[in-house]
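Got chain A; can you put chain B on it based on the hints?
What follows is each chain in one-letter form.
Protein chains: 2
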Amino acid sequence: MSSTTSETGKAVPGRLASVYSEVQTSRLNISLPLPSVLKTSFNVVDGPPSSAAGNPDGIAKLFPNLFGQPSVILKACDSGAAAKDGSLKIGVVLSGGQAPGGHNVISGIFDYLKERTKGSTVYGFKGGPAGIMKCNYVELSTEFIYPYRNQGGFDMICSGRDKIDTPEQFKQAEETAKKLDLDGIVVIGGDDSNTNACLLAENFRGKNMKTRVIGCPKTIDGDLKCKEVPTSFGFDTACKIYSEMIGNVMTDARSTGKYYHFVRLMGRAASHITLECALETHPNIAIIGEEVPLIIFLQLNSISFSLLFSISIIWLSIPCNPQVQQLISELNEILAQDVVDETGMWKKKLQSQSEELFELFPQAIQEQLLLERDPHGNVQVAKIETEKMLIQMVETELDKRKHEGQYNGQFKGQPHFFGYEGRCGLPTNFDANYCNALGYAAGALLQSGKTGLISSVGNLGAPVEEWTVGGTALTSLMDVERRHGKFKPVIKKAMVELEGAPFKKLASLRDDWALNNRYVSPGPIQFVGPTANAVNYTLLLELGVKA
Amino acid sequence: MSSTTSETGKAVPGRLASVYSEVQTSRLNISLPLPSVLKTSFNVVDGPPSSAAGNPDGIAKLFPNLFGQPSVILKACDSGAAAKDGSLKIGVVLSGGQAPGGHNVISGIFDYLKERTKGSTVYGFKGGPAGIMKCNYVELSTEFIYPYRNQGGFDMICSGRDKIDTPEQFKQAEETAKKLDLDGIVVIGGDDSNTNACLLAENFRGKNMKTRVIGCPKTIDGDLKCKEVPTSFGFDTACKIYSEMIGNVMTDARSTGKYYHFVRLMGRAASHITLECALETHPNIAIIGEEVPLIIFLQLNSISFSLLFSISIIWLSIPCNPQVQQLISELNEILAQDVVDETGMWKKKLQSQSEELFELFPQAIQEQLLLERDPHGNVQVAKIETEKMLIQMVETELDKRKHEGQYNGQFKGQPHFFGYEGRCGLPTNFDANYCNALGYAAGALLQSGKTGLISSVGNLGAPVEEWTVGGTALTSLMDVERRHGKFKPVIKKAMVELEGAPFKKLASLRDDWALNNRYVSPGPIQFVGPTANAVNYTLLLELGVKA
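Protein sequence lines, in the order shown, are assigned to chains A and B. Just so you know, we're using UniProt numbering here: the first sequence kicks off at 1 and counts up by one. Just so you know, we're using UniProt numbering here: the second sequence kicks off at 1 and counts up by one.
Here chain A stands alone, though its shape is the one from the complex (with noise of 0.2 Å):
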């Protein structure tokens, strides 16, 4: 695949003017499989009334139009629902994060309509919702679309954070539906992004405009899940790609013995990422954010320690951990009035618990979350190296051992941080299925004339060809909170269950580990071959189909 030179070329010169590899090239001309029920005629059939995952009058008063409404499943019948053609004209949009399968939710919704709706059109909104404020959009067609099929990226119209939130912002989302004439919209995204769409189709309705708007569950951290919608597709790439490089690293250490590998990973509050990683390669040690919240974990740097002397590999997501979260906001709010004088009075105004996290910190991390800001005057939380802080606490640690006599070994430090690797690579076979049926999914709703639902696949331990395909609606999964003094819809993000399989899984294994290296390689993802369909423990324990 060399670089075409078609007129939409222009649009997205970045993927056209690309050359690409064997395994790109092998990837572009796959079939991926279906669920049988969008192989045939179906009819689109309503559950029972809804209500909300939490406080349903708040709900129910910020969504008058869409609280209640049904959530939706795919029954397959003898002919004639799916008849109901008619054109649509359809626009899409990535919000957020890149995640890997992004470009098979648009191909998915791309081919749904070609084959369903005869002349319907696609618009991709360019840069995330900013482009439908903006009326930013390119108009999608086979050729378009072709190079992106199966291939990481977001780059086919690129996203962005930008939020419909503002009734001005509002007023636009309105004027750009109307001047395309929009029968719907899909929001690929996270659980803010979801919200949104929630919001967006709220306000459609409200207008009594035909606009519909539905939501896809998008996100590498895995945290936007729930019974109806059992994982967000990207979760399973980053944490394959995270864990062929650590398993890489474990059998670098096993030959070598000669460093202790400290290694961190991308992700948000929730330690998904870091649970299924562990589950796949077998650590030593993994720090769970949900159990360990990380004042603890310094608090109780003995334990840890102790354990340390027998491990070679260590990990953590702990850089946006919430009670650091909370200690940067408070800073944030001194710095921006005070100055940090040598006597440390300015300390006292540091909540409690914020001044116990603040002085566990090694004084290089204390130094960057006092200096180093971003243009908004904000710590660049990200670029902490948690994992090199990790690793000056033990080396003190270690050291008090040793004058103390109580330690005589030899102590290194590898830090490692895995991240942008993660968020961009071909999504596996389990992804490209996955996300190209939440694509087919969202057609189908649309078409069925939904709204304010989330485009939900299940059975997804079983084969593709039985997997369950739907649509929830995105009320039922809000909650209400109290934000700046105001009351916002939320999706709660679903964080590490304790009690949950995949975390009592690592529970029951983790001493063993710790003590004995029962280190996994995973390898490279595979694409043909017996391995190549193999799906996240996450998803299989907690589907039950793995124990």
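Derived by calculation from the structure, the hints in this document are not laboratory data. Computed from a predicted model, the values in this text were never measured in an experiment. Mixed in with the good hints, there may be bad ones.
Listed next, the in silico EDC-like pairs over lysine to aspartate or glutamate satisfying Cα-Cα at most 20 Å (straight line) [to be verified]:
(1) B/Lys388 / A/Glu367
(2) A/Lys546 / B/Glu22
(3) B/Lys412 / A/Glu385
(4) B/Lys505 / A/Glu22
(5) B/Lys39 / B/Glu465
(6) A/Lys388 / B/Glu367
(7) B/Lys388 / A/Glu385
(8) B/Lys347 / B/Glu367
Frame of chain A, contents of chain B only:
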């Protein structure tokens, strides 16, 4: 593959205590294709007498028993030659840093001897050459070897960086050879280790011992190669792992445009890894040390920075750049004796080129060079984060330009270091096959009574069946260098040839890459399917198979 409890298991509890991933398991039982000559009867045919790469008189003096001996090639014959069986006792040792495929060399030797020399014994010396000197070994068996087949790492017998160098150490090696009644030793290592292997062969021959020594070319750096030894094993796998990561980061960059990514790769003086990864992924800038010595690159920063305005990727492998090494060794001398005075008078003791280089470094790097020492008082070279240094330098330059009104963009650099992830991956099909053939070749050479040769497998651009198999006189690869006042034999490191096909390919494409984003995402290494047998660009271009 869960834990094994055989007696031998105790010797390498690491691997045997492990659990295998599906991909690891899938690699255990594959059957590797062999060059046809290794599937029939063959004669080991001598070539013409050999000379040396340089200074033949010097080499002749250092290797009176081996100098001039012919290289050999295996030629298929009707029968007979290979029938001269009789069991052998062979020791094998891994020397130096890890490279994917080491286990396959060992299993290749083992399989050859089992097939062709009934009753043979193979010993694995543990922990590198020190294992020979201390007679620390394990007897290899089918069961012992099995879990390591086609797996990454060196943990079957582990490696080490000791040298057999002094008369006392040679004596220890002789004692081990006699104690185990060794017919031969196979040394799997890089340029220095193979030089050492030849010295050992010379020593044994000089003392009329029966023990022969055969080398095998190992190093991910790719700097041990010549006409007869077209590549060193591990290079193919390591470059593909790095390229997978680089390609993912490139896709990320193309999707967001938020960062300029600066990637440093593991490696020493030669830039083959950087060159190969560049050919695989098409970055905007690749710094090839052989073309642009670091000092010149830093001086030319205004030129480079003007390019930077349009780039998203750049990378380098300069932590062990020769000029930096020179600077560091001078610093080590000075700091061992002097105090670093504030006025900077100590700098006058640096050679002018070193002082110039030192002054070009940002302050943070200067401090690292002056302060951070390992327990032996040496700068920890690999820890100098040159990727961050370059980012700092670009920031400084762009700030200056902003003040001068010449630049009004946004620059955010994102550093990456890909190192340990690549050394221990599961070997590619190429490395698995190549190493297996190298091991078989070593077995054949020992069986035919050869010594002082390096196992040589050629015609690598053709299908495995057509590969040639032989041995190259190690003395023919050597030159003499004066080190610490003594003449020492050395196999010259193969640096990137600016007139060679791989570099010329880069040179012909990079202007386009610099200005247009031609990023390629090689994706994960595949073991099955249409892309599984791809061979690296460097090798194909050097062989003239690719243009």
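The hints, checked one at a time:
{"no.": "1", "hint": "B/Lys388 / A/Glu367", "result": "18 Å, holds"}
{"no.": "2", "hint": "A/Lys546 / B/Glu22", "result": "15 Å, holds"}
{"no.": "3", "hint": "B/Lys412 / A/Glu385", "result": "17 Å, holds"}
{"no.": "4", "hint": "B/Lys505 / A/Glu22", "result": "19 Å, holds"}
{"no.": "5", "hint": "B/Lys39 / B/Glu465", "result": "9 Å, holds"}
{"no.": "6", "hint": "A/Lys388 / B/Glu367", "result": "18 Å, holds"}
{"no.": "7", "hint": "B/Lys388 / A/Glu385", "result": "13 Å, holds"}
{"no.": "8", "hint": "B/Lys347 / B/Glu367", "result": "14 Å, holds"}
The structure fails none of the hints (numbered hints given earlier).
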